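**Student:** Here's the letter readout for the chains.
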Amino acid sequence: MHEKTLAELAAGLRVGEYSSVELTRHYLDRIAQYDARLNSFITVTAEQALADAAAADERLAQGETGLLTGIPIAYKDIFCTEGVKTSCGSYMLDNFIAPYDATVVSNLRDAGVVMLGKTNMDEFAMGSTNESSHYGPVLNPWDTDCVPGGSSGGSATAVAARLSAAAIGTDTGGSVRQPAALTGLTGLKPTYGRCSRWGMVAYASSLDQAGPLAQTAEDIAIVLGGMAGFDAKDSTSVDHPVDDYMSGLEADLKGLKIGLPKEYFGDGLDAEVAEAVLQSVRVYESMGAEIVDVSLRYNQPAVSAYYVVALAEASSNLSRYDGVRFGHRCENPQDLADLYKRSRSEGFGAEVKRRIMLGCYTLSAGYYDAYYLKAQKIRRLIADDFRRVLQEVDLIVGPVTPYSRLPIGQMMDNPIRMYLGDIYTVTANLSGLPAISYPVGWSQAGMPIGAQMIGDYWREGQLLSVAHQYQQQTHWRQMPTMFAA
Amino acid sequence: MPQWETVIGLEIHTQLATESKIFSASSTQFGAEPNTQASLVDLGMPGVLPVLNKRAVEMAVRFARAIDAELAPYSVFARKNYFYPDLPKGYQISQYELPIVGQGEVEVVLDDGAIKKIGVTRAHLEEDAGKSLHEDTQLGGGMSGIDLNRAGTPLLEIVSEPDMRSAKEAVTYARKIHQIVTYIGICDGNMQEGSFRCDANVSVRPLGQKKLGTRAELKNINSFRFLEKAINYEIERQIDLIEDGGAVVQETRLYDADKDETRSMRSKEEANDYRYFPDPDLLPVELSDVWVDDIIASMPELPDARRSRFQTQYGLSAYDADILTASRIQADYFEMVADQCGDAKLAANWVMGELAAALNKASLEIKDAPVDAQALARLLSRIKDNTISGKLAKQVFEAMWAGEGGADEVIESKGLKQVTDAGALEGWVNEVMVANPEQVENYRQAEPEKRAKMIGFFVGQVMKRSKGKANPQQVNALFRSRLEEAS
Numbered sequence: 003m004h005e006k007t008l009a010e011l012a013a014g015l016r017v018g019e020y021s022s023v024e025l026t027r028h029y030l031d032r033i034a035q036y037d038a039r040l041n042s043f044i045t046v047t048a049e050q051a052l053a054d055a056a057a058a059d060e061r062l063a064q065g066e067t068g069l070l071t072g073i074p075i076a077y078k079d080i081f082c083t084e085g086v087k088t089s090c091g092s093y094m095l096d097n098f099i100a101p102y103d104a105t106v107v108s109n110l111r112d113a114g115v116v117m118l119g120k121t122n123m124d125e126f127a128m129g130s131t132n133e134s135s136h137y138g139p140v141l142n143p144w145d146t147d148c149v150p151g152g153s154s155g156g157s158a159t160a161v162a163a164r165l166s167a168a169a170i171g172t173d174t175g176g177s178v179r180q181p182a183a184l185t186g187l188t189g190l191k192p193t194y195g196r197c198s199r200w201g202m203v204a205y206a207s208s209l210d211q212a213g214p215l216a217q218t219a220e221d222i223a224i225v226l227g228g229m230a231g232f233d234a235k236d237s238t239s240v241d242h243p244v245d246d247y248m249s250g251l252e253a254d255l256k257g258l259k260i261g262l263p264k265e266y267f268g269d270g271l272d273a274e275v276a277e278a279v280l281q282s283v284r285v286y287e288s289m290g291a292e293i294v295d296v297s298l299r300y301n302q303p304a305v306s307a308y309y310v311v312a313l314a315e316a317s318s319n320l321s322r323y324d325g326v327r328f329g330h331r332c333e334n335p336q337d338l339a340d341l342y343k344r345s346r347s348e349g350f351g352a353e354v355k356r357r358i359m360l361g362c363y364t365l366s367a368g369y370y371d372a373y374y375l376k377a378q379k380i381r382r383l384i385a386d387d388f389r390r391v392l393q394e395v396d397l398i399v400g401p402v403t404p405y406s407r408l409p410i411g412q413m414m415d416n417p418i419r420m421y422l423g424d425i426y427t428v429t430a431n432l433s434g435l436p437a438i439s440y441p442v443g444w445s446q447a448g449m450p451i452g453a454q455m456i457g458d459y460w461r462e463g464q465l466l467s468v469a470h471q472y473q474q475q476t477h478w479r480q481m482p483t484m485f486a487a
Numbered sequence: 349m350p351q352w353e354t355v356i357g358l359e360i361h362t363q364l365a366t367e368s369k370i371f372s373a374s375s376t377q378f379g380a381e382p383n384t385q386a387s388l389v390d391l392g393m394p395g396v397l398p399v400l401n402k403r404a405v406e407m408a409v410r411f412a413r414a415i416d417a418e419l420a421p422y423s424v425f426a427r428k429n430y431f432y433p434d435l436p437k438g439y440q441i442s443q444y445e446l447p448i449v450g451q452g453e454v455e456v457v458l459d460d461g462a463i464k465k466i467g468v469t470r471a472h473l474e475e476d477a478g479k480s481l482h483e484d485t486q487l488g489g490g491m492s493g494i495d496l497n498r499a500g501t502p503l504l505e506i507v508s509e510p511d512m513r514s515a516k517e518a519v520t521y522a523r524k525i526h527q528i529v530t531y532i533g534i535c536d537g538n539m540q541e542g543s544f545r546c547d548a549n550v551s552v553r554p555l556g557q558k559k560l561g562t563r564a565e566l567k568n569i570n571s572f573r574f575l576e577k578a579i580n581y582e583i584e585r586q587i588d589l590i591e592d593g594g595a596v597v598q599e600t601r602l603y604d605a606d607k608d609e610t611r612s613m614r615s616k617e618e619a620n621d622y623r624y625f626p627d628p629d630l631l632p633v634e635l636s637d638v639w640v641d642d643i644i645a646s647m648p649e650l651p652d653a654r655r656s657r658f659q660t661q662y663g664l665s666a667y668d669a670d671i672l673t674a675s676r677i678q679a680d681y682f683e684m685v686a687d688q689c690g691d692a693k694l695a696a697n698w699v700m701g702e703l704a705a706a707l708n709k710a711s712l713e714i715k716d717a718p719v720d721a722q723a724l725a726r727l728l729s730r731i732k733d734n735t736i737s738g739k740l741a742k743q744v745f746e747a748m749w750a751g752e753g754g755a756d757e758v759i760e761s762k763g764l765k766q767v768t769d770a771g772a773l774e775g776w777v778n779e780v781m782v783a784n785p786e787q788v789e790n791y792r793q794a795e796p797e798k799r800a801k802m803i804g805f806f807v808g809q810v811m812k813r814s815k816g817k818a819n820p821q822q823v824n825a826l827f828r829s830r831l832e833e834a835s
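Protein chains in written order, with my numbering: chain A, 3 to 487; chain B, 349 to 835.
Next up, chain A with everything else stripped away, as it sits in the complex:
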């Protein structure tokens, strides 16, 4: 069953080829078989999953037609799930049982999905390698000497190794798209405001968006339809109608204008990655799309601006972990200052501490204008730049990551290098635009290579349709042989 896409599984469930309980048990068995090695789950909610699956089977028997009914999926451990540990990959929240469900979780539950468990991630979503997790690194099923990227690395590995039909991640600067690219999956960061952030533990509030990882664009279309929508509990969610992503998948590509920014193909980009991305563009051309050279003038300072904004917000968002009401508290605090200092020193890992300190620095008296304010100005310029280009073209295509292989430990003592790897993904977060990552080839070393498409606000449907039709023409999607059985 696990070789099937989510869409195929949904079809199987509806014709009774197998039940949701059978499907769920199958995935739980695979998790038991492989995940001790891959480390993609922090918590597996087997009992609840089987109960949910039984309930889904009843809904299916009553003729319910929702494509998500009975589909087992996994959530990044950043989403609050009532009664289930929600650790955010941190020792700080190792003892935290969420008292409520995130809106994305309750939306998908209403749509009938079955939760298999909570996936591993970089601590508080801070990292691009999944190595900052308190629960240890996740391995990449394509090469277990490598990591799957981050911060939604557990979600990526779980889907890539077919331990789950799909998984939900979050993307603050590329945390869905980059691991999708490194594991041969399709991953989407929706328009900022498309999915509710209620119940999603905040890293950088103005950049965070939930997004699905799955095997195909079609699968993403199904999952996004179940999780998106306005939520009055999130002031930044937008009351914009949710498209029927499935019905638009076959829209004609003739006359589609695809922009190719020259800045995306300069120094630092792996030649194999560049070649695969350019090759994919030729496929679009053959399908009737027009390729246009464009320029994104403010790409160069994007990473710096991104890290200033993200870490400033993070430094404040993480203040609530103080050992007072929930989460880790140090033993025998001597006084208030001791309680704060030791609880936070013990609870947070090195990368989180680094980012809190950087964030505090950029907001502190005398530095605010030079860092935070300037970064916000750059952010505005980047958004304007995209708006200008998206008046000329429908979509922008480029790489997702400068590299296609991330050996374990390679980035750990070089955070700057890790940060610079986000060069192609952070602009979609800074501008709020939707962006999709999908496989376009293989490296010599046998690692998947991804490409990224950035579209106009609220045009997730178009991104999914173009990626879907590309996937009909090409066959990059594979199952890692080590975990195929």
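The hints are simulated quantities; they were obtained by calculation from the structure and are not laboratory data. Quantities reported herein were computed from a predicted structural model and do not represent experimental measurements. A few of these clues could be false.
Okay, derived cross-link-like pairs now, DSS-like style, lysine-lysine, Cα gap no bigger than 30 Å in a straight line [to be verified]:
(1) B:K693 to A:K376
(2) B:K479 to A:K343
(3) A:K355 to B:K428
(4) B:K479 to A:K235
(5) A:K379 to B:K428
(6) A:K343 to B:K428
Got chain A; can you put chain B on it based on the hints?
**Tutor:** Chain B alone, transformed into the frame defined by chain A:
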């Protein structure tokens, strides 16, 4: 020694009278069991988000209108970052660079009758913190408790210009703001419960010097009386310090009402760097003209306007109008009594006389008066229509106050109805004349201009015999004609 000039600016935190908190749906009711009014949002749980309570914004708009201040068409919530156990998120959501209410001013009447304008620099919306309970908890063992019921209660912080020159002026200004916020219904004004809190920035400088002296910020002041005492103590402390060759340091000082002194809480060096930045969880507040117009249209009459209307419409003196408009509830009370009994002067005398005395004696607020405005109006109507005399009305009022019923009920049950029947009155007049032949004779001998005074004796005798029920005007007229007729 130079002459010293005091410079005072106030920061007033008014708790807005919304039903629910500024960023969550929890109740703002005072006095509930600890932490029973604290939701996931108030607790700062991972993943929760604030949603702005529109009512709080509406109240800020009303205040802007009341002090004729600029209203920002675009204002921004910012995070003020600091750690404290009663601050669940580790930051307070406030407004910093772009507050909702800009420059405005209020007029206050000083003791000498002069009118002074005090500038309001700005007013901004923010959330209150919770409370740390160091005493009176059942925790024991040196433990502190945290009550987050108050966390997230909406506040409007009103910042004045350093325009005040004495503690008295500061109190007058604070009272004025108190009057305004209670009038426009945005704050209950209860200082004991902390709904209206004043922080005072106090400095001194040699008279004539332009540059401001170093200021101290006084906190923990929960009454107007303490505001005055705290400022006066601080002025003296600063002058003594400078005159002894010392220097004032910029610091926050706590007022201790028991010892009547201020003491240092934290110096500028220990002050936090709050790392303010716009809260990314909240959108900027953009006010639509239509909405603002609706709010302004629903504004009650402001105290200054009401005071002058009372003078013109009801013919009250400036002094009476001032007292009667001191609070909106008092003004409403008066106005209902005046309109219903049809005699504003009578209403004013009763509200400021009998009612005020009874309230004072019972230590009650006017809103808790056992005799409401309609009941008092009915009583005054009975004076107007001669059912009872003004003197007996006081007796009726006391009975009404004691809960013995409405005016008519009391008049009936106590048999206080005024006697206007000519036959009965003539009977009493006859009795009095028969019983006091000497006084009758004296009257008749007296110069006509002295008689007016002397007649009081006879009327008094009838009032005594009738137990106050005889109509004094009628009795007076009867005596006049009877005493005159045979002279």
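**Student:** Each hint needs a verdict: does it hold in this structure or not?
**Tutor:** Against the structure, the hints:
1. Between B:K693 and A:K376 the CA atoms are separated by roughly 67 Å; this puts the pair beyond 30 Å, and the hint is violated.
2. A distance of roughly 22 Å separates the Cα atoms of B:K479 and A:K343; the hinted pair therefore holds under the 30 Å criterion.
3. Annotation: proposed proximity of A:K355 to B:K428 holds, straight-line Cα distance about 20 Å (limit 30 Å).
4. A C-alpha spacing of about 26 Å is found between B:K479 and A:K235, which places the hinted pair at or below 30 Å, so the restraint holds.
5. Restraint check for A:K379 and B:K428: the C-alpha separation of about 22 Å stays at or below 30 Å, so the hint holds.
6. For a cut-off of 30 Å, the pair hint linking A:K343 to B:K428 stands: about 20 Å separates their Cα positions.
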